[in-house]
Amino acid sequence: MPRTGVFLCHCGSNIAGTVNIDQTIEASRNFPGVVHVDEYRYLCSEMGQDIIKKAIEDNNLDRVVVGTCSPRMHENTFRKAAAEAGLNPYLLEVANIREHCSWVHKDMEEGTPKAIALLRAAAAKVALNEALEAPKLEVEKRALVIGGGIAGIQAALDIAEAGYPVDIVEREPSIGGRMAQLEKTFPTLDCSACILTPKMVEAAQHPNINLITYAEVEEVNGFVGQFDVKIKQKARYVDPVKCTGCGICWEKCPAKAPSEFEMGLAKRKSIYVPFAQAVPMVPVIDKETCLYFRKGRCQICEKECPPQAIDYEQQDEIIERRYGAIVVATGFDQMDPSIYGEYGYGQHPDILTGLEFERLFNASGPTGGKVVRLSDGKPPKKVVFIQCVGSRDKARGMNYCSKICCMFTAKQAILLKEKLPDAKSYVFYIDVRTAGKGYEEFQRRAAEEYDVAYLRGQVGKIFPEGDHLVVHGVDSLSGKVVDIKADMVVLSAASIARADAPELGRKIGINTDSYNFFNEAHPKLKPVETHTAGIFIAGACQTPKDIPDTVAQASAAAVKAVGLLSKEMLQGEACTAEVDEAECSGCLHCVAVCPYTAIDAKEIEERYGDGTLKRTVAEVNPALCQGCGSCSAICRSGSINQKGFSNEQILAEVDAICLQR
Amino acid sequence: MAENNVENLKKIREAVSQDLLGGRIDLLLGWEKGHYWWQSRPLFARTEEDLEKLTWDSFCAINLSRYLLDELKDFQKVGVLVKGCDARAFNRLLQDNMVVRDRVTLYGLPCPGMLDYDRLAEVAEAAPEGIIEQNGKVTIKTADGEKSADRDDLLADKCRDCIYPDPVVYDQLLLSPVGKKEAPEKFTAIEKLEEMSAEERYSYWEKELSRCLRCYACRQACPFCSCRECFVEQQNPRWQGRAYQASENFMFHLVRAYHGAGRCIDCGECERACPVDIPLQELNRKLTKDINQLYGDYEAGLDAELEPPLLTYRPDDPAAFSEK
Amino acid sequence: MSTAVNETSAGKEPLIVSFCCNWCSYAGGDLAGTSRMSYPANVKVIRVPCSGRINPMFILRAFQRGADGVLVAGCHPGDCHYSTGNYHGRRRLSAFKRLVEFAGFEPERFEVRWISSSEGDKFAEEMTAMTNKIKALGPNRKMRDARWQKIT
Amino acid sequence: MRYRYFPGCTLKGQAKNMENTTMAAASALGIELVELEEWQCCGAVYPLYEDELISLLSPVRTLAAAEGEPLVSLCAACHHVLKRAQELMQRNEEARDKVTDYLEIEYKGEGRVLHFLEVLRDDLGFDKLAEMIKKPLEGKKVAAYYGCLLLRPSKVMQFDDPENPTIMEDFIKALGAEVVKSPYRTECCGAYLSVTEEGVARDTVAKILQSARNAGAEALITACPLCRYNLENCAADDGKEPVQVYYFSELLAEALGLQYKQLMAEAKERRRVASDSK
Amino acid sequence: MTASNEGSRLIDEMKAQSGQDPADCYQCAKCSAACPVTAAMDLLPHQVIRYLQMGLEEELSNSKTPWICASCFTCAARCPRDLDLARMMEGVRLTVLRKREGNKFGPADLTPEQLEKLPQQALVSGFRKYNK
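Chains as they are written, first to last, in our numbering: chain D, -14 to 646; chain L, 135 to 458; chain V, 10 to 161; chain Z, 12 to 289; chain P, 4 to 135.
Don't read these hints as lab results, they were simulated from the structure.
You may find that some hints are simply not true.
Unchecked claim - List time: in silico DSS-like cross-link candidates among lysine-lysine, alpha-carbon distance up to 27 Å: (1) Lys192(Z) - Lys367(D); (2) Lys120(P) - Lys218(Z); (3) Lys126(D) - Lys215(D).
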């Protein structure tokens, strides 16, 4: 029989005003196992806590029930007090007789019996409580950043500066990401490469940063503090140690393929670096188009390479490494607007997306920095920009606002006017959204100083007529139908999640929203955390965002990662699930419902007749288990049971509450 | 069936005896005749001699797959004769990790449906002494003479609504397939109960369940009941009271059925095993019907690779609550 | 035990057992408290980590022992603290609710609600509504184990 | 390949050539179109308010009359009404019960409802059709005119991509003609506005024809009698060579080498058999 | 002009009978850009929805636009809010037609020449759309 102490808090008159303390004390004395009952005006005060501590020692109590405010308020306070008196903190239970009783019921006639019922349930439960210990977890002092765009670079730099080693895994041959594709950045119009390239170099040269480019995360196991990650380093067919980045190979290579970096508007070679400022400046061979790999002859790059860095025999390699924290910064894609048949994208070379148009401004871009029509090479006179192509469209696209289009369109219209003073821009928009420092001013400059015509409305049809593209739209403010004979059309295609984001999410154990963007743990208060402890998100993989927000979020994620890495030990969840191996039949339904992959199959050996039998049972990793109890609910035989909220405890509470109606 | 009986049995015996003699299996689970001609019981054959007792006729209703739970402890490689329902039961066990696929050889027997003695007696209006089957007709011999009836009218309850008489998983198919069947009546009894008032339904079940002896024959026969210790026997916590009263009868039967939610393969063994004829299938099928209606069609046992509906979810799942 | 307690427990007032998940609905109940929204004392809450923790046997036990109604409350689908607990709970409890109705329980006897930690008002409203519905139905006799009350 | 066939009013009147050519082509292609024994006008426009159940009686009766067999029509408007009525019967239980109770029939939205072009694409296959062409329309520049009713709403019609359809172009290709794509091929012709607001129809038709001509088309094909009427009657006489408007089936019959006289004779024979059987 | 959408019967009916709620529209005017017959309209299609949002039922029943709409469904096909404006136009037409004397068009409005020339389909459509 346990020796339980019950302590009642008046909370001034907050409880005592609606719950008859004397009657409650009397009733509590009759609960099974109760050997001591006491009360105090404010139990959470130091005096109040001392009363509990002293009673534990004096009366040799091994269980404690406090009837106070919500456990969400002071459970920790009282558990700490119990621990100070030498009692395992998990041997204390709270009966919520304030928020769930005295504050919601009108008088003592209602409040008193309910308080007694809640206390009786707590006393019945606590009798079955066991001493628990939260697992202590070691922290591997190294971080992994997935994605080498501006978000990943910034996060890695911040973590590295704080003194922890960090690896960046980048899928492409170079870091830089989307920002490297941009000509200028709003609202200051500074050159994107000028501000990004120094950061790329800094990352490459930082003693704490290790770049793993042309690589992908294959598998993530483990848990906060100890993620075991398998990274596939794809074969470059170039030895990065020998390679000097001299460029002779890609100069001489005879095979071509559409350049991913140039959005397919230009060609690159089969051995290539994606762009001129690539980091690392080590090319890769694209096996799909390389003549040697396809037909077994050529080998020009091998013959021409001065340091003999070409190695056709290179194989994909798996790197296995342990990390304490992970930052996911995998960025975004641009939606393919060809489903919008009325815009004719993909059917005419002068209908481009925003990112494609951006490349026309770049000196190393497909047109050498000349803004010209891809159909005939002539500079355009009239350019029509169409906003919300795939954004804010729940019927055919994405229901959300892509956030960056209003601003990059204003930027491109300004750049266009600067390059081609004779050119005129038209922007069809639904709303102009310019929340951001200096953004509204920037957009107004486009309209006021750069002669950009903003038409509030949408476009119904674009079709070629002679040399032109007829854009048939509506200006809803004037109520007029507008036909513009344009030379080029630029579609602000929605920013969307990477198509393989859900797959990556499954690999690393974080979830995605209905648009496939990664979910933050809380939309306001935990914007860079995920539901999986130790994994953080940054940048446009969470939702479309601009560069300043991306960088800020990356630094925030880095701080969270650093905060984690700076701990010697982590405290895990105490109320984890536990398997009774003798009873477990090994059906593993629990494995299927566990959100944390905290349960695994385990083979055990058991005596059978004269020999032994091997059989499967479930095994819980207490470091991963977060104590949701879903496994315990699905288990038919109750062989997996959650500590702190066990089947026995909950049934005892039900029984106790129902004892008296 | 009877017309080919001798031939079919020969085929089966040949196939399994080869494997047994060749050491590909250490034990064969089959059927042998029981005390009466209209009964059969499991045969555990290890030798050629044992195999002589093997039978395959219209009375092999018993589901053999569940016997694997015990036999795989003693034998490395076990062969089992599987009808449609035995095969689905095997998938159930496989999905529950209760059997190891590599250690079992499944001999598929497409099944025309098993006959029921009580039905024969009912139709013959006398004690049947034997039957002759021909072209879908059954001639029942009694002391008073002979009576003929459609085979379909004599089927055991568990076979009447069978949709998958052919094994859905096997290593060798020994006879020719019967083909998928229709079972339009499968949910009729349930729909009828659904139309009753809550009071009427409660009274119905109170009465039906009052016969329960707590013998747990239903559980012993069931391929989804594979716990090492059933909740009814657990002492800590004590889920199930021992008293013979409505409260505990409901507890046992609702929980038994719920444990089969999305898992019951509809073999009907529970009901066949019940000595007091409780309509256990109605509880099982109610769950199947509702889960399929809410979460999409799923037939347990058809494909061991498909996740059972209660082990998965979709974010936009409907709910059966008054707030959705 | 004093007489006042005995009188209110004379058995006329229905008993509602409510299982509330710690993160949303229990917190919603706390908010109802801090906002001083009243609801009937017939409702007694048992705190569980998640609506996915609910084993239907808990609910049957409550009916056996004398509950007149059972209400499970959890985070809104999509907001589960454990990501997927309430999605699983929704399937399990939907199937179970249909089953107990099939066994002859009135649909109102067992319900599930999604109540967030910011919905103190909804918590109070749902608890009131549940109590009123159960009062209208009268006491539950189904599956009631008569012996249990006698022990008191 | 056997189908139940719903002609609709216009095909027995002004658009009888669409029926005649289709019937001849179908029999040449081994497609059996069995006309429903009794049928009524489909109503021509689909009621867009769901309480307009009266207008659904006729199409639902027609759907049920197909007895679960695939039901084919030629007129785009008929097909539109039947397909949408079927979708409503599948989706809206209340409306379904009201309509079927009134008609005293059992119908739950079953059966395939097809336009003849879908039969050619999905059941026969354009590849197969191309093989069976006897007189390819080589060198003939043909543009497709889809109009509205076959394509939209695409979730219900499921006919083709509503913005970038290809079925008619693929059909033209199969006939051996040269495909001309005009940007106005999916725009409305003005429909019944030619009855009340002829001026509007003239504007829409002018754009359609002009864009087809600019694209180099000699001929347009359509599957809708009203489209054809508008394209022919509301066309402005600008002195230029007019773009010829055909029913898709007319070109089909031509490419199958079916002579006009033969067509007429067959049509007459069919009518005789039909009236004999009654 | 009264601008109110409180308790509008037209809108309640519209929601029930066509599943379309004007409040879902954010006035991007895609419908107007898509519509092939705006030239003859006195209100652009998006303005019809705006009027519905503002409860300007009287003004709508006097507008020409609903009678110009040919139900070509292009607006519905392209609406980013998944609204079916063709159904809303039908609603406006029906409120007029369902009033006594509301018919817009009847056999008497046709010339003998038209009756001769027009295909059956055109006549049936016209009567269905403009007559109750």
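_If you test the structure against every hint from before, which numbers come out violated?_
The structure breaks none of the hints.
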